[in-house]
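Those protein sequence lines, which keep their order, are chains A and B. All you need for my numbering is the position in the first sequence, starting with 1, plus 94. All you need for my numbering is the position in the second sequence, starting with 1, plus 72.
Please keep in mind that the hints were generated in silico from the structure rather than gathered at the bench. Predicted model only: the values in this text are computed from it and were never measured. Heads up, some of the hints might be wrong.
Listed below are the simulated DMTMM-like cross-link pairs for lysine to aspartate or glutamate, each with C-alpha atoms no more than 20 Å apart in a straight line [unchecked claim]:
| hint | chain 1 | residue 1 | chain 2 | residue 2 |
| --- | --- | --- | --- | --- |
| 1 | A | K139 | B | D101 |
| 2 | B | K230 | A | E339 |
| 3 | A | K205 | A | D121 |
| 4 | A | K414 | A | E381 |
| 5 | A | K139 | B | D188 |
| 6 | B | K230 | A | E143 |
| 7 | A | K176 | A | E143 |
Rough simulated footprint, nothing fancy, chain B against chain A, three-plus residues with beta-carbon under 8 Å [to be verified]:
| hint | region |
| --- | --- |
| 8 | 98–105 |
| 9 | 141–150 |
| 10 | 169–179 |
| 11 | 284–291 |
Cβ atoms here follow ideal geometry from the backbone N, Cα and C, with glycine treated the same way.
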Amino acid sequence: MKPMNIAEKILAKASGRDYVEPGEIVDAKVDKVMFHDLTGPMTLKVFEEMGGGSVWNPDRIVVIFDHIVPASSITAAENHVKLRKFVKVQGIKWFYDVGRGGICHQVMVEKGHVCPGELIIGADSHTCMYGALGAFATGVGATDMAATLLTGRIWLRVPEAVMVRYTGKMPRYLSGKDLILYTIGEIGADGANYKAVIYSGDVIRGLPMDDRFTMSNMAVEMGAKTGIVEPDDVTLSYLKDRVSECFTILGSDRGAEYSEEYEFDVSDIEPQVACPYRVDNVRPVSEVEGISVDQAFIGSCTNGRLSDLRIAAEVLKGHKVSRDTRLIVIPASQDVYREALREGLIDVLLESGAMICNPTCGPCIGVHLGVLSSGEVCIASINRNFIGRMGSRESKVYLASPATVAASAIEGRITDPRRYLKGIA
Amino acid sequence: MRIEGIVVKVGDHIDTDVIIPGRYLGITDPSELGKHALEGLDPSFPARLKPGVILVAGRNFGCGSSREEAPVALKAAGVRCIVAESFARIFYRNAINVGLPIVECSGIHSYTRDGDRLSVDLSSGVVEAVGRQFRFKPLPDFILRILEDGGLTNYIRKLRGLPT
Numbered sequence: 095m096k097p098m099n100i101a102e103k104i105l106a107k108a109s110g111r112d113y114v115e116p117g118e119i120v121d122a123k124v125d126k127v128m129f130h131d132l133t134g135p136m137t138l139k140v141f142e143e144m145g146g147g148s149v150w151n152p153d154r155i156v157v158i159f160d161h162i163v164p165a166s167s168i169t170a171a172e173n174h175v176k177l178r179k180f181v182k183v184q185g186i187k188w189f190y191d192v193g194r195g196g197i198c199h200q201v202m203v204e205k206g207h208v209c210p211g212e213l214i215i216g217a218d219s220h221t222c223m224y225g226a227l228g229a230f231a232t233g234v235g236a237t238d239m240a241a242t243l244l245t246g247r248i249w250l251r252v253p254e255a256v257m258v259r260y261t262g263k264m265p266r267y268l269s270g271k272d273l274i275l276y277t278i279g280e281i282g283a284d285g286a287n288y289k290a291v292i293y294s295g296d297v298i299r300g301l302p303m304d305d306r307f308t309m310s311n312m313a314v315e316m317g318a319k320t321g322i323v324e325p326d327d328v329t330l331s332y333l334k335d336r337v338s339e340c341f342t343i344l345g346s347d348r349g350a351e352y353s354e355e356y357e358f359d360v361s362d363i364e365p366q367v368a369c370p371y372r373v374d375n376v377r378p379v380s381e382v383e384g385i386s387v388d389q390a391f392i393g394s395c396t397n398g399r400l401s402d403l404r405i406a407a408e409v410l411k412g413h414k415v416s417r418d419t420r421l422i423v424i425p426a427s428q429d430v431y432r433e434a435l436r437e438g439l440i441d442v443l444l445e446s447g448a449m450i451c452n453p454t455c456g457p458c459i460g461v462h463l464g465v466l467s468s469g470e471v472c473i474a475s476i477n478r479n480f481i482g483r484m485g486s487r488e489s490k491v492y493l494a495s496p497a498t499v500a501a502s503a504i505e506g507r508i509t510d511p512r513r514y515l516k517g518i519a
Numbered sequence: 073m074r075i076e077g078i079v080v081k082v083g084d085h086i087d088t089d090v091i092i093p094g095r096y097l098g099i100t101d102p103s104e105l106g107k108h109a110l111e112g113l114d115p116s117f118p119a120r121l122k123p124g125v126i127l128v129a130g131r132n133f134g135c136g137s138s139r140e141e142a143p144v145a146l147k148a149a150g151v152r153c154i155v156a157e158s159f160a161r162i163f164y165r166n167a168i169n170v171g172l173p174i175v176e177c178s179g180i181h182s183y184t185r186d187g188d189r190l191s192v193d194l195s196s197g198v199v200e201a202v203g204r205q206f207r208f209k210p211l212p213d214f215i216l217r218i219l220e221d222g223g224l225t226n227y228i229r230k231l232r233g234l235p236t
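Just chain A, with the same shape it has in the complex (with noise of 0.2 Å):
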């Protein structure tokens, strides 16, 4: 039995073995499902289609209404009123209505649904942020969910893994967005394709849960399967008062093997942008300043968090969103928004001409609360700048963390948020 990593070990406990290898296929049990308001209606239709019956187990299912929340149309609302029944006939445990929880990711991980050495699907592609709590978890389609949903089971690939490592001094300006795009924009769009990306190294030994959860959310945008963090005190803290299930702690084997190694120094990197149309176009802001935006929004399950917050509060505070610009702002989830109530933290943001909408993606998938017109230029924390994004297909979305986001809102361009930021020479 050769030495095993934290992705295939997870893999072989799910699947009852003592060790597998890339490239099987394994029939694994899952530990929790989630899926949500947009990939809920298909889900429940391809269930009946699949001759429907009673969901393997209520107590394991968490549903949760996010993406059009408040019901924007018709269509959504009626949406919604399916997935109510859904829940309610199934008996499904966990169920985070209409200001009951906030976007999917950050209630998973939150309300403990998420522990380390499970393996969990999710009807979403950035799923793959649990990693970061040192799960296997992943996005799947409708129909996947509709099966597992039925058997509690899946089938799936071991992958490869991806081993990247940070070294360095982690400076103070810099954030867990600027360090994952700065990979995405060295690994490539599908440079981690059906891997599992490893994240590690004392950069990330050193960095907060909020961090990891943006870098393991996007490891998707290099195509990986699911994006890992080991666990170590951070995890645990994190976990303790949120999970109250046993759970068995996985970490990789001494000798492990990784298809592919990276090592970054991340001592001298700047904040980092992704430019139109590609996730994987990345430069540093000080390549892009300059370019006029007419939105900026903080928010998504990306970088919608406290610390997300309180560093677009402390770029902010004392200015004024530029007039030439408007500066959209939503907390990842009702406990976030409630503590950055308390923090005082969207007091600042409102003071400087913030407009704070309701957790929700809305924006960051163009469906409400910030659509943007045919020309317009958006800058946002969120995770995807693809063409239409959010929004006309005439109009642009660069990517960047909170911290430039913020700076760029008061200047009404691209901004190094350097200048804004305590501390920083």
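Given chain A, work out where chain B should sit, using these hints.
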């Protein structure tokens, strides 16, 4: 399984947002989705997708969101098969699950042209283009069975002893 069709080409990194833009999500009727297939790339694209099309793509086809509406829309628009240099993983699974055959075949993108006739043999792993054969790793048997059943839904119905 053998599939024949006429080539329509697209480039690298075609993401699911351009295959079916976010504003159409929530629609579950395949024929309605099919009217917007690849509209995000070019509003005239849906009109080019007629029954019998084989889509030939470059690298990383279907990257991005997990939306199953993407392969559903392409299939409903008449796409019989997608041949690409590589696929993003969620799209790959979704296509098979909705019964849309999909093969990774190296070298095909630069060789073929719009309007070429192409035939794809899924079981033996051969694509026949005009004047040349390309080989690809055949799909595993259980995936071929899912495709033969028209997708995972019918496959599961059979497993459950239900009529298909």
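Going through the hints against the structure:
1. Between the alpha carbons of K139 (chain A) and D101 (chain B) the distance comes to roughly 10 Å, so the proposed pair stays at or under 20 Å and holds.
2. Distance check on the hinted pair: K230 (chain B) and E339 (chain A) sit about 37 Å apart at the alpha-carbon level, beyond 20 Å; violated.
3. For a cut-off of 20 Å, the pair hint linking K205 (chain A) to D121 (chain A) is broken: about 28 Å separates their Cα positions.
4. With a C-alpha separation of about 24 Å, the suggested pair K414 (chain A) and E381 (chain A) falls outside the 20 Å cut-off, and the hint is violated.
5. As the CA atoms of K139 (chain A) and D188 (chain B) are separated by approximately 37 Å, the hinted pair breaks the 20 Å bound.
6. Annotation: proposed proximity of K230 (chain B) to E143 (chain A) holds, straight-line Cα distance about 12 Å (limit 20 Å).
7. Distance restraint check for K176 (chain A) and E143 (chain A): the Cα-Cα separation of roughly 15 Å lies within the 20 Å cut-off, and the hinted pair is therefore satisfied.
8. Counting residues of the region 98–105 of chain A whose beta carbon lies closer than 8 Å to any beta carbon of chain B gives 0, which falls below the threshold of three, so the coverage claim is violated.
9. By the rule of at least three residues with a Cβ nearer than 8 Å to a Cβ of chain B, the coverage given for the region 141–150 of chain A holds, with 3 such residues.
10. Note: the region 169–179 of chain A has 3 residues with beta-carbon separation from chain B under 8 Å; the three-residue rule is met and the coverage holds.
11. Counting residues of the region 284–291 of chain A whose C-beta sits closer than 8 Å to any C-beta of chain B gives 3, which meets the bar of three, so the coverage hint holds.
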